[in-house]
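Asker: As a plain string of letters, each chain reads:
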Amino acid sequence: MSLTLDDVKRIAHLARIEVSESEAETYLAQLSSIFGLVEEMQAVDTRGIEPMAHAQDVVLRLREDVVSEANRRDAYQAVAPQVEAGLYLVPKVIE
Amino acid sequence: MLNASLKELSALLAAKKVSSVELTQTFLKRIDELNPSLNAFITLDADKSLAQAHAADERIAAGKAELLTGIPFAQKDIFCAKDWLSTCGSKMLANFSAPYDAHVIEQFNRAGAVNLGKTNMDEFAMGSSNETSFFGKVKNPWDVSRVPGGSSGGSAAAVAARLCPAATGTDTGGSIRQPAALVGITGLKPTYGTVSRYGMIAFASSLDQAGPMARSAEDCALMMNVMAGFDSRDSTSLEREKEDYTRDLNQPLRGLKIGLPKEYFAEGLSADVACAVDAALAEYRKLGAETVEISLPNTRLSIPVYYVLAPAEASSNLARYDGVRYGYRAPEYGDLTDMYQKTRAQGFGAEVKRRIMIGTYVLSAGYYDAYYIQAQKLRRLIAQDFEAAFKQCDVIMGPTAPTTAFKLGEKSDDPVSMYLSDIYTIAVNLAGLPGMSVPCGFGENGLPVGLQIVGNYFAEARMLNVAHQYQLATDWHLRLPPLSGEE
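Protein chains in written order, with this note's numbering: chain A, 1 to 95; chain B, 1 to 487.
If you're looking for bench data, these hints aren't it; they were derived computationally from the structure. This structure is a prediction, so every number in the text was calculated from the model and none was measured. Treat the hints with caution; some may be incorrect.
Once the Cα atoms are required to be at most 27 angstroms apart in a straight line, the calculated DSSO-like pairs of lysine-lysine come out as [said to hold, decoys possible]:
hint : chain 1 : residue 1 : chain 2 : residue 2
1    : B       : K411      : A       : K9
2    : A       : K9        : B       : K342
3    : B       : K407      : B       : K391
Using the sequences and the hints given, assemble the complete structure.
Answerer: Given below as structure tokens:
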């Protein structure tokens, strides 16, 4: 598999990271060499092997559906870039 | 006092030979003097540290002290600590004052320990050299032109130069063990699920695990007694009975079976590291252990598997940095998408962006099966290698890293060569097993070498015993770097 400059721009857009033309060129070279390393995986026949998502075979715990957190809105919003009247402010999304 | 063990410091505090305030001041003064040349700390706050020390002194006076009460510890800046800046080494969180404590921080607070400061690290723990921090590179106290390893390089350098008695670290692919090896200290990555990840800023959630970094195995055991334990706020925290990690320290090693994976002693291992590790194995034989050759045939695949899975998990975890709820927001932007894109382009450093892009790609439509699922299948083969190996031995030993500390800048422009330096550590994370690094001598240029000890699931007490017995017979862990100002 070889990556193209368009692939890099598409990935950057999916990841919501702005890249300039020259940065995209750099990423293309670096990501290509990393994927060169990753290609080694394709040589192994893994038919019939169960994917391992997690280090331990455990199931998620369930708990009672009750409130477990105190309301700490002020403390959490104190670290936000822009808030007003308890709301997070972002650029207008609906015209 | 700088080379004192945690037990010795505890005894001095209990006997009122030193107060927690004096102890904290001693280390703060050392940090003042030596940190400018090491850059091991991101945030120091003497007032907060000394307030905790005062409280500890009162607790000691009231006869309510625990073993670690009054002892200062440095905390990796990946742990949220209430009202402390918690930056994760990133511009994205450079002004983030955590509104709550991580479980690990809570546990140290509960024990009456003092938070001495937050240590430098690779940005979001992504790196093996501590060169990716927004707050500048950390230097190795044995040679300041060299890296301390990463990502817990600030904690490692701080412990090695005795700027603190001990510190915390986290290990996703070797980030406790590799820096411990490169600066000559002892570090333990516990079994996945042993230490709660609550409040520990996430990198790759199926691999991340916190652990102690200290001057000796005994100190690591005492820290594990505080750090480990069930916490319902981490969905992967394991419900197990509380254990005493010091319980086996004094067991003799007679009959211990040490497995030596032939893949860890093959091409790529530098001769000086091999020599120090061989000498350590000879010492273990003297202590009554026997060695047996084993094989971990999929070792080579652990690097590509890791560099698919960890970035995939990272790309998902780091999606939260959107400039809305906390952290950096770009000063100028157009619409919402533009705000996200500029915020993330400016807030993340180059290595973090590379990994987010790799992860985004391997999770994207059309590539998911070929990369992500294939990597998860190989992860199982890697875990099965260890399962088979532990039928033949009690612990596995080998080098922690293929070379001693490399030069600053040597690998920073070549991600692939940097990634290859994790060859002996990452399989352990993929399998979820516990691993340690213990100082075992010096290589060329007088740089420390680390011996890696890998145990079966939940075998930490046994591994600490294996390391402790070696440290009773050797003094590598007590050697101080020239920069520490003491011989």
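Asker: For every hint, state whether the structure bears it out.
Answerer: Here is what the structure says about each hint:
no., hint, in the structure
1, K411/B <-> K9/A, "26 angstroms, holds"
2, K9/A <-> K342/B, "14 angstroms, holds"
3, K407/B <-> K391/B, "40 angstroms, violated"
Figure legend: structure checked against the earlier numbered hints; the only hint not met is number 3.
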